[in-house]
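Residue numbers (this note's numbering), protein chains in the order written: chain D, 1 to 317; chain P, 318 to 634.
The set of hints was computed from the structure by calculation and includes no laboratory data.
Be aware that a few hints might be false.
[What the hints assert, rightly or not] Below are the EDC-like pairs computed for lysine to aspartate or glutamate, each with C-alpha atoms no more than 16 Å apart in a straight line:
#, chain 1, residue 1, chain 2, residue 2
1, D, Lys218, D, Asp244
2, D, Lys102, D, Glu48
3, P, Lys546, P, Asp526
4, D, Lys179, P, Asp561
5, P, Lys496, D, Asp244
6, D, Lys229, D, Asp240
None of these values were measured; they are calculated from a predicted model.
There are 2 protein chains.
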Amino acid sequence: MKYIFGIDIGGTNIKFGLINTDGKILLNDSIKTKSELGSDKTFDRIAEEIEKLRVEKNIEKSDILGVGMGIPGPVLNQETVVFFANFPWEENLNVSKLLGEKTGYKVKVDNDVNVITAGEVWQGAAKGHTEVLGVALGTGIGGGVISNGKLIAGIGGAGGEIGHMTIVPNGKLCGCGKKGCFEAYVSATGIERETESRLSINKKNKVWDIVVKKEIQKVEAKDVFDAAKLGDKFALDIIDYTTDHIAHGLSIVLHITNPKVVVIGGGVALAGDILFDRIREKIKAYSLPVCVEELKILPAKLGNEAGIVGAAALILN
Amino acid sequence: MKYIFGIDIGGTNIKFGLINTDGKILLNDSIKTKSELGSDKTFDRIAEEIEKLRVEKNIEKSDILGVGMGIPGPVLNQETVVFFANFPWEENLNVSKLLGEKTGYKVKVDNDVNVITAGEVWQGAAKGHTEVLGVALGTGIGGGVISNGKLIAGIGGAGGEIGHMTIVPNGKLCGCGKKGCFEAYVSATGIERETESRLSINKKNKVWDIVVKKEIQKVEAKDVFDAAKLGDKFALDIIDYTTDHIAHGLSIVLHITNPKVVVIGGGVALAGDILFDRIREKIKAYSLPVCVEELKILPAKLGNEAGIVGAAALILN
Numbered sequence: 001m002k003y004i005f006g007i008d009i010g011g012t013n014i015k016f017g018l019i020n021t022d023g024k025i026l027l028n029d030s031i032k033t034k035s036e037l038g039s040d041k042t043f044d045r046i047a048e049e050i051e052k053l054r055v056e057k058n059i060e061k062s063d064i065l066g067v068g069m070g071i072p073g074p075v076l077n078q079e080t081v082v083f084f085a086n087f088p089w090e091e092n093l094n095v096s097k098l099l100g101e102k103t104g105y106k107v108k109v110d111n112d113v114n115v116i117t118a119g120e121v122w123q124g125a126a127k128g129h130t131e132v133l134g135v136a137l138g139t140g141i142g143g144g145v146i147s148n149g150k151l152i153a154g155i156g157g158a159g160g161e162i163g164h165m166t167i168v169p170n171g172k173l174c175g176c177g178k179k180g181c182f183e184a185y186v187s188a189t190g191i192e193r194e195t196e197s198r199l200s201i202n203k204k205n206k207v208w209d210i211v212v213k214k215e216i217q218k219v220e221a222k223d224v225f226d227a228a229k230l231g232d233k234f235a236l237d238i239i240d241y242t243t244d245h246i247a248h249g250l251s252i253v254l255h256i257t258n259p260k261v262v263v264i265g266g267g268v269a270l271a272g273d274i275l276f277d278r279i280r281e282k283i284k285a286y287s288l289p290v291c292v293e294e295l296k297i298l299p300a301k302l303g304n305e306a307g308i309v310g311a312a313a314l315i316l317n
Numbered sequence: 318m319k320y321i322f323g324i325d326i327g328g329t330n331i332k333f334g335l336i337n338t339d340g341k342i343l344l345n346d347s348i349k350t351k352s353e354l355g356s357d358k359t360f361d362r363i364a365e366e367i368e369k370l371r372v373e374k375n376i377e378k379s380d381i382l383g384v385g386m387g388i389p390g391p392v393l394n395q396e397t398v399v400f401f402a403n404f405p406w407e408e409n410l411n412v413s414k415l416l417g418e419k420t421g422y423k424v425k426v427d428n429d430v431n432v433i434t435a436g437e438v439w440q441g442a443a444k445g446h447t448e449v450l451g452v453a454l455g456t457g458i459g460g461g462v463i464s465n466g467k468l469i470a471g472i473g474g475a476g477g478e479i480g481h482m483t484i485v486p487n488g489k490l491c492g493c494g495k496k497g498c499f500e501a502y503v504s505a506t507g508i509e510r511e512t513e514s515r516l517s518i519n520k521k522n523k524v525w526d527i528v529v530k531k532e533i534q535k536v537e538a539k540d541v542f543d544a545a546k547l548g549d550k551f552a553l554d555i556i557d558y559t560t561d562h563i564a565h566g567l568s569i570v571l572h573i574t575n576p577k578v579v580v581i582g583g584g585v586a587l588a589g590d591i592l593f594d595r596i597r598e599k600i601k602a603y604s605l606p607v608c609v610e611e612l613k614i615l616p617a618k619l620g621n622e623a624g625i626v627g628a629a630a631l632i633l634n
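Go ahead and model the full structure; you've got the sequences and the hints to work with.
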């Protein structure tokens, strides 16, 4: 049996998985990221951890096929990180070369949402498919587009940047500085902004009831879904508004890459059927029949392990 | 030297090119399509024409690498035409097999806009690039998306169907039955509809002056561009409106596949700088810097020969 290390670098923790070529996770581990130590020191610590885990599991170096890694930010050629979205590290860092030299293994790197998508294709909801759109609906929105079995990076690593498609010209201001981005409408932050705006003129609803009971009276996207599940009309209106925008945005991608599966993960996706049922219904009005007839819109399956499993998948592709 | 036949099946004519592996066109020819004779008879006639041209040029059968073909409609695996957009022929016809058997050559087929895009990549404005968006702005709107050097077909051949992305929810009715499609706004037909609508309440402009002089008083997109070039404000407003929608629609694709080159052809693109200058300027407001900094938006180069050159390119890929 051969093995792969899958690594998921987050702002707080670096997660490690030792995964066999069947996709089984043999070992899960994590260390603090401590990005303030700089990139070189961090990759030293990663190399040490990899070696520690390999020895712990008594695996020969020759049985390690490589190291896959997911990072937040655009990546070129699965080697070079254009910039790290969370860390003040150098731009255009060839992580593949750097960690390759420190470990002696083949190293492939990709954007975290691309990695999650690759994981869902290898072992999750989109298992075995070659035409897939992966979507992370969280604080922000990320996308991973797989066509002809390969991730689309584009010339600057911005392939799959679906969060910044303009869906409403001159619409809501987005964190990126543009207006009307998909992310400004359908991310958790977007849902919260819309809800706060509506609450400012309507407090007779269950969302407000939930919010006032909290220590810090701040709306969270989850409050809206919770109130909607209780049948609250105010909350259901926001869900309709949001899912209509999600359906519109996703339908656009269907006409460009015509995927078989759209896999949606991230915190907002945890809302479940109340979200997915509406998206599946609303997307039809925005789409040519050929784009939706055989389409499956599915919740992500791998959850917290998507990052390490997907990172390992990079090495097998 | 080796040779390829490139064939472009249109509603009226079938064009033939004999092209060498350097992209040089040795011979141009055409026959009437006569689609009413049915698919089988038509492909018999195509096979006969190929043989006639080969003998005429005194080329050995073994020096023919294959036959590439562009057709209007979605295509799977560069083999099977899901349906012919213009002809009442059978669905899911494996043209590759059918014409392969009739000629003895390897045959590859693709959608006409995909083929044109492949041609522009092989010998035209996007020569040598692997990340390209090809756009045909004509009576309708078609797209060809090339990522990682390959055309994106998707599961139903609807990859690159950018004409039917919804850019204005609940917007103008499109010929496909949906509302707010890109095509409804930026095709020649879309420009003409918008112009007719505006002319109905404003006839004091140069577009109207041009239209009334015609035998049949019908607006054509070209009239608008002609009036705009004379400085007519009414026409310039329509150009601004149209190019703003073009910029919005194209910017969306930039965030999905992050191409290096957007090549725009078709009748509307013949308007030239007045169109391209505005698109290049307006697209910035809709796009993340990473998507436009190194982007080139170029007019197609191959013109009428794009179909046969692109069809030949399929065989080399």
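>> Just to be careful, I want the Cα atoms of D:Lys179 and P:Asp561 compared with a cutoff of 16 Å; is the pair within it?
In response: Distance ~14 Å between D:Lys179 and P:Asp561 Cα, so the pair holds.
> Is P:Lys546 within 16 Å of P:Asp526, Cα to Cα?
Replying inline: holds (14 Å)
> If you draw a straight line from the CA of P:Lys496 to the CA of D:Asp244, is it 16 Å or shorter?
Replying inline: Holds, at about 14 Å.
>> Next pair to validate is D:Lys218 with D:Asp244; report whether the Cα-Cα distance is within 16 Å.
In response: Outside the cut-off at roughly 24 Å; violated.
> Given the hinted pair D:Lys102 and D:Glu48, is their alpha-carbon gap at most 16 Å?
Replying inline: Judged against 16 Å, a Cα distance of about 9 Å means the pair holds.
>> Run the distance test for D:Lys229 versus D:Asp240: straight-line Cα separation, threshold 16 Å.
In response: holds (13 Å)
Violation of the numbered hints given earlier is confined to hint 1; every other hint is satisfied by the structure.
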